[in-house]
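Novice: Protein chains in written order, with our numbering: chain A, 1 to 157; chain B, 1 to 651.
A couple of the hints might just be wrong.
[To be verified] Result set (BS3-like, lysine-lysine): computed pairs, CA atoms no more than 30 Å apart in a straight line: (1) B/415 x A/7; (2) B/266 x B/590; (3) A/98 x B/128; (4) A/7 x A/29; (5) B/296 x A/8; (6) B/266 x B/528; (7) A/98 x B/129; (8) A/75 x A/156; (9) B/493 x B/296; (10) A/100 x B/51; (11) A/98 x A/140.
For the record, the hints were derived by calculation from the structure and aren't laboratory data.
Small disclaimer: the values here were computed from a predicted structure and weren't measured.
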Amino acid sequence: MIPETLKKALEARVASAITAREAAVDVMKELQAHYGWLTDEAVEEAASLLGLSPLQVEELATFYEMIYRRPVGKKVIHVCDSISCWCVDCDGIIEHLKEKLGVALGGTTADGMFTLLPCCCMGMCGDGPAMSVGGIPYGKLTPELVDEILEMERQKI
Amino acid sequence: MPKLIIDDIPVEVAPGTSVLEAARSVGITIPHFCYHPALAIAAACRLCAVKLLDGPVKGIQMSCALPAQDGMVVSTTDPEALRMRQLVIEWLMINHPHDCPVCDEGGECLLQDFTIAGGHSRRRYQGKKRTFQNQYLGETIHHEMNRCIECYRCVRFYQDYAGGTDFGVTGSAGRVYFGRFQEGALESPFSGNLVDICPTGVFTDKTGRFRARYWDYQFAPSVCQHCSVGCNTAPQNFQRETIKIVGRRNDQVNGWFICDRARFDKGYLNDPQRPREARLDGATCGYDVAIDAAAKAIGKFVAQNGAESLAFVGSSRLSLEGMILLAQLARTVDGARLCYFTDGGELTGSAAAARLLNEKNSAYLRDIEKAECIALYALDLMEEGPMLALAVRKAFLAGAQIYLVDGDPIPAREKLPFTFTAVATLDEVPFEGGGRGVVIAGAGKKDADLLDQLASGGAKLVMLQPGPNAMAGGLLSLEFGGQAFSELASAGKIKGVVCFEADLPEGLIVDVEVVACADWRTGAAAAKAPVFLPTTTWVESDGTAINYEGRAQRFQRTRVPGLPLRGLDPKYYGSTADAVAEHPPRVHRKEVPGGAERDAWRVMAQLIERLGGRTIEEPLTGRWSKLKDLDPESEGVRVFNLLQGDPRTDS
Ligand code: SF4
Ligand code: SF4
Ligand code: FES
Ligand code: FES
Numbered sequence: 001m002i003p004e005t006l007k008k009a010l011e012a013r014v015a016s017a018i019t020a021r022e023a024a025v026d027v028m029k030e031l032q033a034h035y036g037w038l039t040d041e042a043v044e045e046a047a048s049l050l051g052l053s054p055l056q057v058e059e060l061a062t063f064y065e066m067i068y069r070r071p072v073g074k075k076v077i078h079v080c081d082s083i084s085c086w087c088v089d090c091d092g093i094i095e096h097l098k099e100k101l102g103v104a105l106g107g108t109t110a111d112g113m114f115t116l117l118p119c120c121c122m123g124m125c126g127d128g129p130a131m132s133v134g135g136i137p138y139g140k141l142t143p144e145l146v147d148e149i150l151e152m153e154r155q156k157i
Numbered sequence: 001m002p003k004l005i006i007d008d009i010p011v012e013v014a015p016g017t018s019v020l021e022a023a024r025s026v027g028i029t030i031p032h033f034c035y036h037p038a039l040a041i042a043a044a045c046r047l048c049a050v051k052l053l054d055g056p057v058k059g060i061q062m063s064c065a066l067p068a069q070d071g072m073v074v075s076t077t078d079p080e081a082l083r084m085r086q087l088v089i090e091w092l093m094i095n096h097p098h099d100c101p102v103c104d105e106g107g108e109c110l111l112q113d114f115t116i117a118g119g120h121s122r123r124r125y126q127g128k129k130r131t132f133q134n135q136y137l138g139e140t141i142h143h144e145m146n147r148c149i150e151c152y153r154c155v156r157f158y159q160d161y162a163g164g165t166d167f168g169v170t171g172s173a174g175r176v177y178f179g180r181f182q183e184g185a186l187e188s189p190f191s192g193n194l195v196d197i198c199p200t201g202v203f204t205d206k207t208g209r210f211r212a213r214y215w216d217y218q219f220a221p222s223v224c225q226h227c228s229v230g231c232n233t234a235p236q237n238f239q240r241e242t243i244k245i246v247g248r249r250n251d252q253v254n255g256w257f258i259c260d261r262a263r264f265d266k267g268y269l270n271d272p273q274r275p276r277e278a279r280l281d282g283a284t285c286g287y288d289v290a291i292d293a294a295a296k297a298i299g300k301f302v303a304q305n306g307a308e309s310l311a312f313v314g315s316s317r318l319s320l321e322g323m324i325l326l327a328q329l330a331r332t333v334d335g336a337r338l339c340y341f342t343d344g345g346e347l348t349g350s351a352a353a354a355r356l357l358n359e360k361n362s363a364y365l366r367d368i369e370k371a372e373c374i375a376l377y378a379l380d381l382m383e384e385g386p387m388l389a390l391a392v393r394k395a396f397l398a399g400a401q402i403y404l405v406d407g408d409p410i411p412a413r414e415k416l417p418f419t420f421t422a423v424a425t426l427d428e429v430p431f432e433g434g435g436r437g438v439v440i441a442g443a444g445k446k447d448a449d450l451l452d453q454l455a456s457g458g459a460k461l462v463m464l465q466p467g468p469n470a471m472a473g474g475l476l477s478l479e480f481g482g483q484a485f486s487e488l489a490s491a492g493k494i495k496g497v498v499c500f501e502a503d504l505p506e507g508l509i510v511d512v513e514v515v516a517c518a519d520w521r522t523g524a525a526a527a528k529a530p531v532f533l534p535t536t537t538w539v540e541s542d543g544t545a546i547n548y549e550g551r552a553q554r555f556q557r558t559r560v561p562g563l564p565l566r567g568l569d570p571k572y573y574g575s576t577a578d579a580v581a582e583h584p585p586r587v588h589r590k591e592v593p594g595g596a597e598r599d600a601w602r603v604m605a606q607l608i609e610r611l612g613g614r615t616i617e618e619p620l621t622g623r624w625s626k627l628k629d630l631d632p633e634s635e636g637v638r639v640f641n642l643l644q645g646d647p648r649t650d651s
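Using the sequences and the hints given, assemble the complete structure.
Specialist: Below you can see the structure in the form of structure tokens.
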């Protein structure tokens with residue numbers, strides 16, 4: 001159940017859109033922020049807010065990689081594995097992240113802090129290898145820089 | 001009109017025609033998966049590659065998504081195009097489980113056909129395959145996602161074409177999944193079309209899986225007998241059992257699809273309890289013995305009570321042939337009454353449709369699809385003509401205004417695949433000069449004045465009928481003075497009935513003698529009749545049906561009558577006790593077990609002969625004789641002009 005204020009705000013968001021579908025991503029993101037991930041309950045809530053069926057929300061939710069349909073850690077790391085980053089050895093960075101965090105791709109650290117996910121090009125090709133942590137982009141990664149960033153992000157909480 | 005050359009053949013097509021369709025029009029099939037004539041173009045599978053050698057575009061192109069243009073020179077056999085198609089097939093097949101032997105689609109699978117046709121016959125890929133969890137989709141459709149090739153036909157049909165919202169596509173890239181949010185029965189009353197439309201075996205008909213292969217089936221063109229729309233089907237039979245029913249294309253009636261009732265409601269055809277043998281006073285007897293007895297009983301009844309207290313009662317389950325002969329039978333017994341309807345309201349409605357509709361004002365599928373304004377009047381569309389709901393949806397998507405006229409308390413019970421405005425009366429529907437307006441009226445009670453009023457407006461009309469062949473009942477009621485049985489019975493005018501596939505409620509025949517009854521199912525009249533004559537159903541007989549718009553369509557016998565081999569009673573195996581498994585009878589016999597049923601019209605013809613009438617070999621005579629050569633694979637013919645000003649049926 002979402003609080004009444006959030007519900008009102010989302011209803012207003014939907015009302016201001018030309019078609020309800022257009023507001024779907026915003027609604028899903030807000031609900032995700034509220035629950036920590038987009039729970040089954042949240043999918044149904046989004047559906048009723050948007051006038052869509054739960055399946056139609058699921059179609060959108062599972063398409064976007066920043067909508068999480070499973071529980072994630074406090075911060076999600078999206079590490080780019082597309083072509084430009086691949087040219088500057090994102091594979092090495094990914095290996096380093098896996099080792100450092102003790103998880104496989106898709107996994108969440110034991111302390112519930114980070115979830116590691118590969119992602120498509122983030123538009124930071126010139127600064128590759130690139131990743132984002134909790135929504136903050138980082139480029140020109142090296143193993144050392146990755147360690148620093150992880151430490152810093154851990155502290156920021 | 002673009003002129004182009006495909007494989008050295010000059011082709012001229014209408015503007016907007018794709019190269020794939022242009023090729024098809026001269027008999028060249030370009031392999032394709034995602035392309036379907038009834039659906040919007042997706043260009044998702046990449047299989048339909050051709051090479052353009054000259055003209056406005058050049059090189060390899062997807063032919064399904066490329067509009068034909070003047071000057072194009074297309075090669076479907078260019079080595080580069082062939083190679084491209086071969087590689088595309090190979091990649092589409094990478095994750096396929098190669099499980100054709102245990103797949104019910106095998107033998108009627110587009111994927112098999114085009115994989116082989118495309119030249120991919122040997123697997124090179126040695127890696128791991130992507131696998132999915134299947135979902136439970138209800139009791140009618142089985143799900144096997146690993147066979148999916150991501151053509152998007154299913155979701156384009158289910159959501160876009162049929163307006164369903166509980167099935168769709170989730171995930172992205174290699175994880176694309178076609179299913180529901182959660183397991184559960186598919187909600188759309190058109191869900192069964194997934195079986196036909198999926199080019200592979202992702203969706204198979206659970207009600208007929210693993211019974212036979214395509215080449216085992218006996219099938220023929222048929223017409224759905226569940227409502228008065230008359231959609232075209234092809235029942236697939238194996239060893240006297242109707243295993244599956246699939247849709248058959250008729251652009252004038254149902255397009256490519258059928259509703260779930262047509263596809264899955266077939267248990268009654270195979271029912272081992274169906275009456276199979278002629279009965280006289282409770283004991284089985286030879287068919288001709290029963291006919292003699294029936295003729296004798298009719299003669300005796302008439303001698304005792306007078307012909308006018310005897311009614312010959314049929315129903316809209318009869319074929320046109322049966323209905324015509326019923327009238328002739330009633331005429332043979334001079335003065336006997338004739339009823340095609342039990343309910344007075346139904347008779348009024350059908351007779352009004354027969355009287356008011358004509359070639360010009362009777363709307364058919366395309367009129368509905370192209371309408372600008374549609375009024376649904378006193379109607380439960382999903383019950384009375386489900387497939388028309390999809391036609392209304394098409395119009396709705398093209399911008400038509402839809403109104404539900406609340407003149408009658410029949411609710412729109414099921415969710416309709418379009419939105420509508422509810423209004424209180426027809427006057428509130430803004431038919432602009434009648435331009436492209438259609439009124440769809442239900443079969444429920446309506447007063448005759450209102451129907452006249454409907455017909456005199458500028459809009460075209462659909463008057464759905466209370467049964468599959470009720471329009472014929474209406475036409476023949478006008479021609480031969482058919483009456484409503486319930487009215488005759490309650491007025492005490494009837495002392496006896498002879499029933500042909502009539503569904504008389506028990507209450508109506510308490511004080512009435514059932515002289516004889518012919519039917520393919522049991523009911524109150526059959527239980528009471530001293531003489532019972534089993535008849536064939538529409539899958540076991542040839543016949544003609546007239547749909548709501550006055551279109552006569554021929555259905556063909558799709559199998560012989562008789563008990564299905566599966567589950568055959570032990571007595572047919574030469575043993576009265578042993579439960580014998582599925583093996584043909586070991587006793588030599590010439591007849592098909594339980595195969596004594598005859599077509600209703602033939603039974604009537606024999607009765608007519610026994611009662612002193614002529615011998616009848618052809619039921620379609622007089623003005624109906626023009627339907628004699630109706631081709632079951634044609635689109636049917638509308639009967640209005642056919643019947644006009646012609647001499648009446650001779651008898
Ligand atoms: S399930 Fe069938 S129709 Fe749907 S995308 Fe897959 S192969 Fe195509
Ligand atoms: S709409 Fe009527 S005729 Fe058509 S398939 Fe359905 S039940 Fe049969
Ligand atoms: S390829 Fe990594 S950011 Fe573009
Ligand atoms: S048929 Fe043309 S891309 Fe699928």
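Novice: Is residue 266 of chain B close enough to residue 528 of chain B, meaning Cα to Cα at most 30 Å?
Specialist: Distance ~26 Å between residue 266 of chain B and residue 528 of chain B Cα, so the pair holds.
Novice: Check whether the Cα positions of residue 75 of chain A and residue 156 of chain A lie no farther apart than 30 Å.
Specialist: 11 Å, holds
Novice: Quickly compare the C-alpha distance for residue 100 of chain A and residue 51 of chain B to 30 Å and report which way the hint goes.
Specialist: This hinted pair is violated, its Cα atoms lying about 52 Å apart.
Novice: Run the distance test for residue 493 of chain B versus residue 296 of chain B: straight-line Cα separation, threshold 30 Å.
Specialist: Measuring from Cα to Cα gives roughly 22 Å; hence the hint holds.
Novice: Just to be careful, I want the Cα atoms of residue 7 of chain A and residue 29 of chain A compared with a cutoff of 30 Å; is the pair within it?
Specialist: 13 Å, holds
Novice: For the pair we were handed, residue 98 of chain A and residue 128 of chain B, check the Cα-Cα distance against 30 Å.
Specialist: 23 Å, holds
Novice: Are the Cα positions of residue 296 of chain B and residue 8 of chain A separated by 30 Å at most?
Specialist: 81 Å, violated
Novice: Has the given pair, residue 98 of chain A with residue 140 of chain A, been kept, meaning a C-alpha gap of at most 30 Å?
Specialist: 18 Å, holds
Novice: Are the Cα atoms of residue 98 of chain A and residue 129 of chain B separated by 30 Å or less?
Specialist: 25 Å, holds
Novice: Measure nothing beyond the straight line between the CA atoms of residue 266 of chain B and residue 590 of chain B; if it is 30 Å or shorter, mark the hint as holding.
Specialist: This hinted pair holds, its Cα atoms lying about 28 Å apart.
Novice: Sort out whether residue 7 of chain A lies within 30 Å of residue 415 of chain B, counting only the CA atoms.
Specialist: Satisfied, since the Cα-Cα distance of roughly 27 Å is no more than 30 Å.
Hint check: violations occur at hints 5, 10; the rest are consistent with the structure.
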